[in-house]
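Participant: Chain by chain, the residues run as shown.
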Amino acid sequence: MSLQDLFERPQYSIPQQNKEAILLPALNELTAYHLSRCPGYERIVSALKQKPPARRLSDLPYLPVSLFKQFELSSIDPERRFKVLTSSGTTGQAVSRIFLDEQTASDQTLALTKIMTSILGGQRLPMLIVDSKKLLNSREKLSARAAGVVGMMSFGRHPVFVLNDDMELDVSALSNFLHKFGDAPFLIFGFTFMVWAYFLEKLKATGTDLSNAILVHSGGWKKLEELAVSNQVFHERFREVTGLRRIYSFYGMVEQVGSVFLEGEDGYLYAPNFADVIIRDPRTLEECPPGVAGVIQVLSLIPKSYPGHSLLTEDLGVLHGADDGSCGRHGKYFTVIGRVPKTELRGCSDVHAYSH
Amino acid sequence: MKIKLFVSGAEIDATELNDCIDRIQPRPTQPFSLHILDFLEGLSKRLSQHPKARVYPEILALAFWIRPASIERLRRDFQKLQDDKSILVPRGLVFHIPPANVDTIFIYSWVMSMVVGNGNLIRLPSDITPQLDALLSVVAKCVGELAQDNVLKRSIECVSYDHNRDVTTAISARCDVRVIWGGDRTVSTIRGIPLSARAVELVFPDRYSYCVVAAKAYNTLNDKEQKSVAQDFFNDAYWFDQTGCASPRILCWSGNKNDCSRASNVFWKLLRQTIRHSSYQTELGQSLRKLGFSYGSALKADVTSITRHMPELDVVAVDDLTDISRTHCGGGLFYEAFIDSLAELTQYVELKDQTLTHFGFDLEEIRSFARELNGRGVDRFVPIGKALEFGRYWDGYDLLQAFSKRVSY
Chain H
1 MSLQDLFERP QYSIPQQNKE AILLPALNEL TAYHLSRCPG YERIVSALKQ KPPARRLSDL
61 PYLPVSLFKQ FELSSIDPER RFKVLTSSGT TGQAVSRIFL DEQTASDQTL ALTKIMTSIL
121 GGQRLPMLIV DSKKLLNSRE KLSARAAGVV GMMSFGRHPV FVLNDDMELD VSALSNFLHK
181 FGDAPFLIFG FTFMVWAYFL EKLKATGTDL SNAILVHSGG WKKLEELAVS NQVFHERFRE
241 VTGLRRIYSF YGMVEQVGSV FLEGEDGYLY APNFADVIIR DPRTLEECPP GVAGVIQVLS
301 LIPKSYPGHS LLTEDLGVLH GADDGSCGRH GKYFTVIGRV PKTELRGCSD VHAYSH
Chain L
1 MKIKLFVSGA EIDATELNDC IDRIQPRPTQ PFSLHILDFL EGLSKRLSQH PKARVYPEIL
61 ALAFWIRPAS IERLRRDFQK LQDDKSILVP RGLVFHIPPA NVDTIFIYSW VMSMVVGNGN
121 LIRLPSDITP QLDALLSVVA KCVGELAQDN VLKRSIECVS YDHNRDVTTA ISARCDVRVI
181 WGGDRTVSTI RGIPLSARAV ELVFPDRYSY CVVAAKAYNT LNDKEQKSVA QDFFNDAYWF
241 DQTGCASPRI LCWSGNKNDC SRASNVFWKL LRQTIRHSSY QTELGQSLRK LGFSYGSALK
301 ADVTSITRHM PELDVVAVDD LTDISRTHCG GGLFYEAFID SLAELTQYVE LKDQTLTHFG
361 FDLEEIRSFA RELNGRGVDR FVPIGKALEF GRYWDGYDLL QAFSKRVSY
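As you go down the protein sequences, you meet chains H and L in turn.
Residue numbering for the first sequence follows the working numbering, starting at 1 and increasing by one per position.
Residue numbering for the second sequence follows the working numbering, starting at 1 and increasing by one per position.
Hint data in this document are derived by calculation from the structure and do not stem from the laboratory.
Keep in mind that this is a model prediction, so the values were computed, not measured.
For glycine and all other residues, C-beta sits at the position ideal for the given N, C-alpha and C.
Hints may be right or wrong, so weigh each one.
Listed next, the in silico DSBU-like pairs over lysine-lysine satisfying Cα-Cα at most 35 angstroms (straight line) [stated by the list, open to error]:
#1 49/H with 257/L
#2 51/H with 269/L
#3 257/L with 51/H
#4 227/L with 342/H
#5 224/L with 49/H
#6 300/L with 386/L
#7 49/H with 269/L
#8 52/L with 69/H
#9 269/L with 69/H
#10 49/H with 352/L
#11 300/L with 342/H
#12 49/H with 227/L
#13 269/L with 342/H
#14 49/H with 216/L
#15 386/L with 49/H
#16 300/L with 49/H
#17 51/H with 300/L
#18 51/H with 216/L
#19 300/L with 83/H
#20 342/H with 4/L
#21 51/H with 227/L
#22 49/H with 83/H
#23 52/L with 342/H
If we take Cβ atoms under 7 angstroms as the criterion, some of the chain H residues that face chain L in the derived model are [to be verified]:
#24 71
#25 283
#26 284
#27 340
Partial chain L-side listing against chain H, Cβ under 8 angstroms, derived [unchecked claim]:
#28 172
#29 288
#30 291
#31 292
#32 295
#33 298
Hey, can you work out the whole structure from these sequences and the hints?
Facilitator: Written as structure tokens, this is what we have:
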């Protein structure tokens, strides 16, 4: 089955066993492709014990995402570089650099479309963006956050930024939008923490009705966990305050384009037809059974211009099962529980550079 | 800004700093005076009876190192340094700047400075680890218990202050010796702060270390002896999470291919057992950092295989040591290389290389290899198992000499 077929079939419709039978040869083919096109990838994989082709998904070689921060790994000639993606990172931190050619870039767009239309339907809905317009004003290249917003804007129409330049809720923009579009389905998009702190928290007083909205959000739970806000609390509060029930978070990363793991109605994350996850013990790197927390490995058929089809992330997650999710989706379902803790190094060398 | 004095327990203003320095006796006694010997004996006893001594091996190691027999050996070495034309006298006030992160190694250079009769001012790192805190508390207690008229009473002080160049500058202007431990950046930053015209400086920047084992010699050992070599290697590498300057990061097998691969197979198996029997455990973040490091090394060096034996042991085999970068992730990751002989190492040695732990070579081979290197790197050759044993010779210095002035007559 080709990638096109996996795009065309309804997402989340393939039982896990069938899906693995489809993904395995395709991923093996990608490994072989990158081995022949990316010398760095070849150097690494040829040093590993496990020789391709893999007989199970969990035997596929994987690269730690951190490698893309230090090295340029690419399977295309420089003149075919169509787009360079960079990860978000605080100043001074190394960022990943991911090279896309036209094919991979268009597959990435198509992949995102297939995933989003599974919850939004085929039509572009009116769209509220929980962010400030100034996000897009930067003359420099887009930040990762801005790129996320721009990516989502293709699924909406009449986009309205609902925060002002000071990140405060623009009440009149919101009420104008709701006046025009509030009676039919519309889309809300934003980053998890901002949606909670700058949007929902400010809506408490106003009694706004968002029951027709579909909220899509991403960005991680770290800040919200500090406020003891779980996904469940997030859902409950939105329902209580605004009547909003259709909430979908997603998990994804710049380093693996097109693999976006979207939340189902049961609150778990699901892999689309062309991607999958494996949870590994962060110490032994062995595959973890369902229910045991480990580091998340992501697999995807999209990355062709760079060897990113099998990556070990620095995020911890738990697999909860496959095919038996209560929302009816097929495939593995999991939750993300945070980052792998960074440990301090000991020794004589500079860990914190000395300054006076 | 407040400056905390760890030994006297006081807190002073920056304006009182000069008074504080004035109070420190720069040359409290003669080298190896009875006052010094008594103080160190007391300190050694205290440390060995410390309730945390079992938890922090650093404490026991220091206690052992300053026990009377070992100080007596140092004293005799010191006597031998003097001759019928010259004597050694203290330099004066020594300003110690330990690394910004953990590590108690600077305590040893403080002891070396103290035994030859200097006064000492230590600038404490901003993050004081429990083991360092335990050590310093015992030192402070021992100083506190000295009689009021004991000359050592006012010869030691530890200061801690938030990063402040002015304080470092003020002390630097007044000290006779400045000792800098730390990364290369720390060393060069502090080197920019002037010393007085007659002062000297000792620097202990980033270093890199490795281990060479003669494969044939290893193969002829019996089971028990082979195990004990693995145990020694474990102690060298894992005690400071493989991040000490002297912790081995490369293991070279010297000999023909067959001997090397036979020795290698046995050794890693025994090291795995040793690790399993120890309490050493790799943390999650460290485990992934090692993975990233080993994969990254395949992009830089001539890597033939990457093997995770267990979370605590990754081995990156290389054909050639040429492109091994002198950075490291720690936590139990070793480059492994087969070499024909010690001489083959000559081309790879760099100035940054500090300690070479060895097994299966006689002293003459080591000496001629050191001669061959002729100062291009490796300041220290020690038998396997002794990498972390501090000695009078460190990073190319003879500390007994370096903390003293020679007066000729």
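Participant: Which of the listed hints are broken here?
Facilitator: 8 and 28
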